[in-house]
Structure formats: C-alpha cells, structure tokens
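Enquirer: Sequence:
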Amino acid sequence: MEVILLERIERLGQMGDVVSVKSGYARNFLLPKSKALRATEDNRKHFETQRAQLEAENLTLRGEAEKVGEKLDGFNVTLVRQAGESGQLYGSVNARDIAEEVIDGGFTITRQQVELAHPIKALGLYDVQVRLHPELSVSVVANIARSEEEAKIQAKTGQAVLSIDQEEAAQAKIDAEEVFEKAEDAAEAEAIEAAAVEEAAEEEAAAEAAEAASQKAAAEEPEAEEPEAEEPEAEEPEAEAEEEEKADE
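Residues in the sequence shown are numbered from 1 upward in steps of one, following our numbering.
Everything labelled a hint here was simulated from the structure, so no lab data went into it.
It cannot be assumed that every hint is accurate.
[Stated by the list, open to error] Below, a list of computed lysine to any residue pairs in the SDA-like style, where the Cα atoms sit at most 25 Å apart:
hint : residue 1 : residue 2
1    : K35       : S137
2    : K67       : L136
3    : K216      : E203
4    : K182      : Q159
5    : K33       : F47
6    : K22       : R44
7    : K156      : Y126
8    : K35       : L162
9    : K67       : T110
10   : K152      : G105
11   : K71       : R44
12   : K33       : G63
13   : K33       : Q113
14   : K152      : L79
15   : K71       : T108
16   : K35       : Q14
17   : K45       : P134
18   : K152      : L162
19   : K45       : V18
[As the list claims (entries may be wrong)] Ranges between beta-carbon positions, derived for each pair:
hint : residue 1 : residue 2 : range
20   : R111      : T40       : 25 to 35 Å
21   : E148      : D42       : 53 to 63 Å
22   : A117      : Q14       : 17 to 27 Å
23   : T49       : G24       : 27 to 37 Å
24   : E202      : N76       : 43 to 53 Å
25   : A117      : Q88       : 13 to 23 Å
26   : D185      : S34       : 27 to 37 Å
27   : E66       : D104      : 16 to 26 Å
28   : A187      : Q82       : 41 to 51 Å
29   : S86       : E64       : 37 to 47 Å
30   : A206      : K152      : 19 to 29 Å
The beta carbon of each residue, even a glycine, is placed where N, CA and C say it ideally should be.
Using the sequences plus the hints, can you model the full thing?
Expert: Following this line, the structure appears as structure tokens:
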C-alpha cells in the first residue's frame with residue numbers, strides 16, 4: 001500500500017514522502033496513529049494544501065522537544081531488582097518500567113517513546129533511547145542493580161556487580177580512589193595557601209621598599225626659605241600735618 005507520511009518515520013522516510021508499506025503496517029499503525037494518509041489523488045492534493053502548516057507545527061514541536069532533550073539526555077534512572085549470582089534478573093525490565101522512572105524524575109513521556117527492542121534481563125548499565133520527536137531522540141542510562149548501594153558502585157565503576165566478592169572489591173577500589181582524591185585536594189589546597197602567603201610577602205616587601213624610597217627622597221629635598229616680612233611704613237598723625245600746612249601759609 002502507498003501512503004503519504006505526515007511525519008518522519010525511522011527507516012521509512014520524511015514528512016511528505018510517498019512510500020510503499022505492507023497493508024497490515026499501514027492499517028494497524030500508520031493510519032490509526034495519524035502518521036500517514038493513503039496516497040490517493042485527493043489526499044495528495046489535500047496534503048499539499050496543508051504542507052506549510054504541518055511543517056510549521058513540526059518545527060514548533062521539534063523546538064519544544066529539543067528543550068526537553070537538553071535536560072533529559074544522559075539522565076540516570078535506577079531500577080532495583082532481584083537477581084542471581086550470575087547477574088540474571090528474576091524477571092525483566094521493560095519500556096514501561098523505564099518510562100515510569102523517567103516520569104518520577106520529573107519528565108513527561110510515554111511508554112511508547114522508550115525504544116527498547118527487548119526486555120532487559122541482566123544487571124548492569126544500559127543506554128536506552130527515548131524518542132521525544134520523530135526527528136529527535138536522546139539517551140537515558142538505566143542502572144539495574146540489586147540495591148541502591150550496588151547501583152552507586154555500578155555508576156562509579158561502569159560495570160555490573162554480579163557477586164558479593166565483586167561488590168567488596170569494587171567498593172575497596174572506590175574507597176582507595178576517594179582517599180587518593182582527598183590527598184590530591186589537600187596537596188592542592190596547601191600549594192594554593194603557600195602561593196598566597198608568598199604573594200602577600202612580596203606585596204608587603206614592595207610596599208616597604210616604596211615607603212623607604214619616599215622617605216629618602218623627602219630627606220634629600222632642601223628646605224624652602226621663608227620670605228622676610230616687610231615692615232609697614234609709619235603714618236604721620238593728621239594733626240601734625242595740618243600744623244605744618246598752616247606754618248607754610
């Protein structure tokens with residue numbers, strides 16, 4: 001059967017492509033989920049009139065999916081399950097289980113968006129694809145362990161914890177690495193502190209040298225002589241001046 005795709009379909013085509021698929025696939029999946037139209041002449045014409053609107057809506061939805069994907073990509077979910085010494089689960093983990101953990105983490109997805117070809121039946125770390133949009137999928141990490149403690153060990157070592165001996169060995173390795181990291185941090189802190197003390201000493205020495213140079217320059221500068229004060233001229237009394245004028249007359 002020929003159909004017109006209304007969105008991108010993995011390994012099938014892009015929006016607007018006319019592709020040939022099995023009738024059962026079209027009737028049971030593509031057509032009822034509005035992912036395609038029968039490729040009749042009327043539907044072809046109808047699609048072309050709606051293409052611009054569909055493409056605009058697709059861009060909007062993709063933009064929203066990208067914003068979610070920035071936060072969801074690399075997200076870790078922990079699933080605690082019982083398992084034997086070989087790591088084989090007593091049961092399995094399916095797409096619904098992973099979707100529920102992702103939803104508990106604050107994201108809105110459905111089971112159908114979790115792309116899991118087969119149920120997971122062993123302990124370990126698994127990269128699982130979550131399709132947020134026909135053109136965008138991100139990866140979440142499913143950490144499947146017997147306990148929260150084992151899950152932490154698996155997250156740090158990147159390997160499944162299959163037995164108690166292996167768990168103890170892994171924990172001992174983690175403890176040793178933490179001790180080494182703390183020692184490195186302490187050494188780095190001491191080096192920073194020593195550098196700060198040295199820098200402060202250099203600044204203090206520079207300040208003292210500048211002050212000494214200033215004092216030396218001030219001592220060598222000659223003292224300025226103060227100008228002599230001029231004595232004011234004495235004024236003759238007015239009475240004496242008048243008598244002299246009369247005598248002259």
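Enquirer: It remains to establish, for every hint, whether it holds in the given structure.
Expert: Against the structure, the hints come out as follows:
no.	hint	result
1	K35 - S137	holds, 17 Å
2	K67 - L136	holds, 11 Å
3	K216 - E203	holds, 20 Å
4	K182 - Q159	holds, 24 Å
5	K33 - F47	holds, 16 Å
6	K22 - R44	holds, 19 Å
7	K156 - Y126	holds, 14 Å
8	K35 - L162	violated, 43 Å
9	K67 - T110	holds, 17 Å
10	K152 - G105	holds, 17 Å
11	K71 - R44	violated, 38 Å
12	K33 - G63	holds, 22 Å
13	K33 - Q113	holds, 14 Å
14	K152 - L79	holds, 12 Å
15	K71 - T108	holds, 12 Å
16	K35 - Q14	holds, 11 Å
17	K45 - P134	holds, 24 Å
18	K152 - L162	holds, 14 Å
19	K45 - V18	holds, 13 Å
20	R111 - T40: 25 to 35 Å	holds, 33 Å
21	E148 - D42: 53 to 63 Å	holds, 58 Å
22	A117 - Q14: 17 to 27 Å	holds, 23 Å
23	T49 - G24: 27 to 37 Å	holds, 30 Å
24	E202 - N76: 43 to 53 Å	holds, 48 Å
25	A117 - Q88: 13 to 23 Å	holds, 19 Å
26	D185 - S34: 27 to 37 Å	violated, 57 Å
27	E66 - D104: 16 to 26 Å	holds, 23 Å
28	A187 - Q82: 41 to 51 Å	holds, 44 Å
29	S86 - E64: 37 to 47 Å	holds, 43 Å
30	A206 - K152: 19 to 29 Å	violated, 51 Å
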